[in-house]
Amino acid sequence: MTDLELLKNRVVLESDRVYSVSSMDVPGTYPGVDDTWDIERFKKTFKVVISELTKGNIEFDLIGIDASIANAFRRILIAEVPSMAIEDVFILNNTSIMHDEVLAHRLGLIPIKADPNDFSFRWETAQKNGNTQGPTDADTIVFKLQVKCTNKKGAPKDDSLEPSELYDNSSVYSGQMIWSPQGRQEEFFKNSPPRPVYDDILITKLRPNQEIDLELHCVKGIGKDHAKFSPVATASYRLLPDIIITKPILGKDAEKFQKCFPEGVVEVFVNKDGEKEARVVNPRKDTVSRECLRHAEFKDKVKLTRVRDHFIFNVESVGAIPPQRLLPDAVKVLIEKCKVLKRSLAQINQAN
Amino acid sequence: MNIDGNENEAKLKILSSSSDEGCATFSISEEDHTLANALRYMIMKNPKVEYCGYSIPHPTEAKVNIRVQTSEETTAVEAMNKGLDDLIELCEHILVEYNEKLDLKNYKYDEGVFDTENKA
Chain L
1 MTDLELLKNR VVLESDRVYS VSSMDVPGTY PGVDDTWDIE RFKKTFKVVI
51 SELTKGNIEF DLIGIDASIA NAFRRILIAE VPSMAIEDVF ILNNTSIMHD
101 EVLAHRLGLI PIKADPNDFS FRWETAQKNG NTQGPTDADT IVFKLQVKCT
151 NKKGAPKDDS LEPSELYDNS SVYSGQMIWS PQGRQEEFFK NSPPRPVYDD
201 ILITKLRPNQ EIDLELHCVK GIGKDHAKFS PVATASYRLL PDIIITKPIL
251 GKDAEKFQKC FPEGVVEVFV NKDGEKEARV VNPRKDTVSR ECLRHAEFKD
301 KVKLTRVRDH FIFNVESVGA IPPQRLLPDA VKVLIEKCKV LKRSLAQINQ
351 AN
Chain B
1001 MNIDGNENEA KLKILSSSSD EGCATFSISE EDHTLANALR YMIMKNPKVE
1051 YCGYSIPHPT EAKVNIRVQT SEETTAVEAM NKGLDDLIEL CEHILVEYNE
1101 KLDLKNYKYD EGVFDTENKA
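In order, the protein sequence lines correspond to chains L and B.
Take the first sequence: its position 322, counted from the start at 1, is 322 in my numbering, and no numbers get skipped.
Take the second sequence: its position 54, counted from the start at 1, is 1054 in my numbering, and no numbers get skipped.
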């Protein structure tokens, strides 16, 4: 790799600094290189690799895009992909020791398993119905939470026992929320009734004769407004590490070099001269600790870099939206933003 | 139209004082780095554009200003429109490519983490 290619395609890490961090693909940056946007060229160079999918997590690589685009997706995942959360709590009775507002806040943070695509934002329905405020079956899910703590029948009078053995309903869990279908919801959601993602989230504790009687209204919202609406627990990316050995690392040094990296990154093999030599097998596993640069013997033999346009995304869903659907949702949000802007631009042009 | 249903304020305004169509500042309300930086990149990819940059004038005001200056071959409005078109095109291709790879099911799948049923 020439020095120019290195600057264009890699972020370079040295022991005390990182350089070549900015994108270098604006037309005119390099003589003889055509960096003009071309969708056909993009179709050839852009790649997606999905490497891992679990029920709560997805890891995928987006290869061949700029940081500004990748970062837009990351930011949208966190702050602008909608999901459902409890917004209004109507407290009919609360004799527990937890204050109304604390209780309401705790309830708001419970992830709700309901597809946000099945609902409208409240401002959307308000617009459609001519600004008549008030919840409708298109924008609100209602849950009831009615729990009263009582003494357990036949429980021994023994203070050393756990409260759960002495009382019924001494702990209130998210699983005790009961969905109360509104309007056409019962018919529409009969196959997948809305419910909390987890049934074992502790909401509050009660003692005999204390009770809570609440009505909970869930609405559609985005993370920008409140973190409870964020559909992701984490959404992050890192650049693929690339370790370039510029001069052969031989003998005892090879083993020492191997130990500078996490397991599986570098291996020691016997080269054709019968000597031990180090080579890179899986840079993806590297944490880029830069340990090898602390040793004088490796300083001029290795270049630690990251591939500028290779983004390894790790996205963990909160549970309402399956992880594989999160990126498409984010991309659609960005497309929608552009379309809204295009419409405004056209309106301005017409006016002039 | 924005998240609060506020229709009174325009989404986009063009702040330009000169009669030169080659330069303009686009002021977009209710947007931030997410859109502005991506859009800035796409507009810069156009060789007819001489300069494109963006700023958020004040952190508590949900507004970005995108400045575009072009050569005489095009106008700032055209460059903005092309930038938006290119960004949409890029996004649509990412969707196609991602869904294609997802359908191949060529990945490590692990039941782990959630015991709740995901009915996609």
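Rather than coming from a laboratory, the hints here were simulated on the basis of the structure.
Do not take every clue at face value.
[What the hints assert, rightly or not] Straight-line alpha carbon distances no greater than 25 Å define the calculated DMTMM-like cross-link-like pairs of lysine to aspartate or glutamate that follow:
id: 1; chain 1: L; residue 1: K342; chain 2: B; residue 2: E1100
id: 2; chain 1: B; residue 1: K1048; chain 2: L; residue 2: D25
id: 3; chain 1: B; residue 1: K1108; chain 2: L; residue 2: D309
id: 4; chain 1: B; residue 1: K1101; chain 2: L; residue 2: E291
id: 5; chain 1: L; residue 1: K259; chain 2: L; residue 2: E215
id: 6; chain 1: L; residue 1: K228; chain 2: L; residue 2: D200
[What the hints assert, rightly or not] Incomplete in silico selection of chain L near chain B, CB under 10 Å:
id: 7; residue: L53
id: 8; residue: P181
id: 9; residue: R184
id: 10; residue: K337
[To be verified] Okay, the calculated bits of chain B under chain L, using three or more residues with CB under 8 Å as the criterion:
id: 11; stretch: 1034-1044
id: 12; stretch: 1081-1092
id: 13; stretch: 1097-1104
No residue lacks a Cβ here, since even glycine has one placed at the ideal position from N, Cα and C.
Outcome of the hint check:
1. K342/L / E1100/B: violated, 28 Å
2. K1048/B / D25/L: Holds, because 15 Å separates the two Cα atoms, which is no more than 25 Å.
3. K1108/B / D309/L: holds, 23 Å
4. K1101/B / E291/L: violated, 36 Å
5. K259/L / E215/L: Not OK: K259/L and E215/L at ~59 Å, beyond 25 Å, violated.
6. K228/L / D200/L: holds, 18 Å
7. L53: holds, 5 Å
8. P181: Violated. Min distance 18 Å.
9. R184: violated, 20 Å
10. K337: Because about 5 Å separates K337/L from the closest Cβ in chain B, which is inside the 10 Å limit, the hint holds.
11. 1034-1044: The restraint on the stretch 1034-1044 of chain B holds, since 9 of its residues have a Cβ under 8 Å from chain L and three suffice.
12. 1081-1092: Three-residue rule met by the stretch 1081-1092 of chain B, so holds; n is 10.
13. 1097-1104: holds (count 6)
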